[in-house]
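Q: Letter by letter, the chains look like this.
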Amino acid sequence: MTESRPADVPASTPAAAAVVTGASGWLGQNLVRTLVSQRDRVRCLVPTGDAAAPLSLLSPSVEVVVGDVRDPATVDRLFDGVGTDAAVFHAAAVIHPLRSTREFFDVNVGGTQNMVDRARRNGAARFVHVSSNSPFGINPTPDHTFTEDSPYNPYLGYGQSKYEAEQIVQKANDRGDLATVMVRAPWFYGPFQPPRQSQFFRTIRRGRFPLVGDGSQRRSMAYTDNLVQGLLRAEVADKAPGNAYWVADARPYELREILATVRRALEAEGLPTSGPDTVRLPRLAARTAERVDALVQKRGRYVQPLHVLGELNHTIACDISRARDELGYEPTVALEEGMRNSIRWCLEHGEQL
Amino acid sequence: MLWFEREVVGALIASPDQPLRSSVEAFVDGTLRDWPEHLRLGVAGESVLLGAYVAVLRRTGRLAPGDREGLARLIERWESSPVGLLRSYVRAMKSLVVMAEHELAPEAVG
Amino acid sequence: MADLSTDVLVVGSGAGGAFTAAALAEAGRAVMVVEEGPQVDPDAHEPFSLAEMVAKYRHHGAGAAIGNPFIAYAEGRCVGGSTEINSGLYHRLPDHLAAEWQVRYAIDEFAAPALAAYADRVEARLDVNTVPGAPPASSAALERGATKLGWRNVEFPRVFSYDAQGRGTKQTMSRTMLPRAVAAGATLVPDCRVLSLMRRGDRVVGARCRRAHPGGGVERMAVHAEHVFVCGGAVHSPALLQRSGIWRNVGNGLKMHPTIKVAARFPHPVDHGDVPMHRVTEFSPFIAIGGSASRKGQVALALADTGAPYDEAMADWENISTYYAAIRSEGSGRVLALRGLRAPVVTYSLTDSDVSRLARGLVHLGELLLAAGATELHPSVFGGRVVRRLDEIGSWWDQVTRQRSSLMTVHLTSSIRMGEKRSLTGADSYGRVWGYRNLRVNDASLVPDAPGVNPQAAIMAIATRNCDHFLTEG
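Protein chains in written order, with my numbering: chain A, 1 to 353; chain B, 1 to 110; chain C, 1 to 474.
Since the hints were made in silico from the structure, they are not lab data.
Treat the hints with care, since some could be wrong.
To be verified - When the alpha-carbon atoms are kept at most 30 Å apart in a straight line, the in silico DSBU-like pairs for lysine-lysine are as follows:
1. Lys148(C) with Lys298(A)
2. Lys148(C) with Lys171(A)
3. Lys298(A) with Lys171(A)
4. Lys239(A) with Lys171(A)
Just chain A, same shape as in the assembly (with noise of 0.2 Å):
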């Protein structure tokens, strides 16, 4: 990964000690590998036994923490004897819940209250708080991008929960507690990917995955890469500390350039692709998708398929300018090569697409 920055963008050293939460996650795999390579410890959160095999092996820096991001006497442990100067990455959150949506609230809230606590008696140099695009809903008209002073529009149980992590972690740096940092990641791509996102794959190769409407929809979408180097920048950044910033791609896409360019990505990958282009969709769908979603989560629970489906229609698009400009982030990798390097992840992965 190279690491452009454009010229003088004022910034301290990154801490030595890094502590990381969701560190056996997709986003997370990807930022403890970049840490690993640069801080004396790397200090990480995973849910399970299981999840924390893998990273203890990456490096003699990395150390594991397994247990509950929603437990105090968990992240105690977590901050125990990590020095009053590490960086915090908190990237630890429920986005599809396997229950209900209590999970979103339980740990997106929960969770984060838990971690701003802890740094704050614990000290901390800053604290990177991972948010979303939900706290803000669909952008209101086709051609609009949010920047950072789009009004809250939180959508559904996910969206709600990340609007109240993020009043969270505002409060504490606004009160003096900590300082603190938000990066806003739309939907985003690259390896580590969970497998429901195979699915994504499989079902594009097949030309099954639904286009609604027109496709003309514009989404972010944030390579990994991408919004590793964001939440670093975040972390030395200068005026960084009580703000928030859209981390993502150059550019939004187009929703059928999107699928267009995962196909042109499956075929440079060795995987013919079959079927058509797309499946029209009509928007009619994809609406009473989302009212149903919206109803379903209503009653506390949560259907994956619906509530992606309810997302097509929409258009989610961010303005990075201000990253740019304060953060010094500019992205290296956009989708074509993303999606290739995704599609290649999976096949050494011994995924099948």
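Fit chains B and C to the known structure of chain A by using the hints.
A: Just chains B and C now, with coordinates in the frame of chain A:
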């Protein structure tokens, strides 16, 4: 107070002290009378059903009549029943008894 | 049937009704206050005792909002209303909430400086004080734990008046505003329940009442009035309006402060007379932490909640005090007066985010109490673990479920919201019920959302403001 409610209260009061037991019973009786009707009806309905059930248990010999401890154990099992209404019945009765028993006994404030 | 007449009829004598009666009587209006409950000597019963519940509380203290789960609540039913049974804690409505509500509900003249002026007037009439000298041990524990963890906490003042010996008396309505109203010429009629309001077109012309005589016997009364102020609280004001055929935005949107509790055992005796006055504000606006009444009965109830045997702990009850975590709830409820039923049906629906917030509140509360030196924590959760160490608290997250949590609230508001946005409110910016020229509400029902703090200060300030407006507009 329905006959079964009287039995439940009797089974829930820990103390053997008769005057205290009577006071608690009187308090529960008076309170149930004063409850919102719909809640009172709900509890009464459950008391009728549970009373019938216990009567059957007694008739078939699975619970000895007058076996207050046996009834208490049964009530304890109901407290962890998967049926929400059953749990809340026990909790409601218990809360009345517990509050009254401890407050009506002498030395209620430290 | 008795037939009475008055200029202003005030229904209910709690925080809202008493301030209304005093303000209008002192302005020279002929005021009659009818109060459903009895007049009870404020010194007759120990606070939070069983005897007090029987004498001063509605339903002997047993109210419950139906939902998943039920949420227990209590209301005062006596001269002075809930002010006779509350903790006396006093906290002005936070400015940011007034600002939010002003916008959301389009409430005229509701900005912070205006309300502050009314709060000043309330505080000029009631003695508001923090505890002179050291706070009681049960309260000090909150401060101690919070300080140790670096959590923000504050001592709330209370409407308590202190004599030279430092003995405190709670400034309830029956001790303060009601005597002043009567001294200014108001008539107070206790044991008198308003059955329904008499309407004629867009005016209310009076109320049909039933009055109980102390010796026994019941008398029907009709009170004819030029103006009616309904101040029966967030449950009974909407119930009365509904019984009188007034339904629009009446009884919906009921809000409360759902709470979950812990009985904490300390290695030293704690007091049991006063509700703690310290509150931990670290997690505001979502969660507030404080203490509850902890007489022997309440301690026993709290210990019984886990369903596990508690004899050993109960033997040590003098070292045990109960505490709560209260949440700002996204959910809401309803009051429904059903024909033929004396008591309205109250429902409340918690969201999943509410349940999660309650679990989080419990975990924070547990950590706080352990930091304060508690050796044993009994959560109000059936099957909940009795915790002795911090590393045991994590289990509470999954143990707090709707089915197993024992929840309560002490505050009820928002069932007849005020404001110009008619789609959201049942009364205008000054409490006048939409569609009626001379019917007003002036109690907790008007407060548009749960305030996150004890509501009596907000209720009193708003009631004073609304009375001012009434007097100027004639």
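Q: Next, verify each hint and record whether it holds.
A: Against the structure, the hints:
1. The suggested pairing of Lys148(C) with Lys298(A) is violated, with an alpha-carbon distance near 39 Å, which exceeds 30 Å.
2. Proximity of Lys148(C) to Lys171(A) is assessed by CA-CA distance (about 20 Å); at most 30 Å being required, the pair is judged to hold.
3. Between Lys298(A) and Lys171(A), the direct Cα distance comes to roughly 28 Å. Compliance with the 30 Å bound is thereby established for this hinted pair.
4. Under the criterion of a C-alpha separation no larger than 30 Å, the hint pairing Lys239(A) with Lys171(A) is consistent with the structure, at around 17 Å.
Of the numbered hints listed earlier, the single one contradicted by the structure is hint 1.
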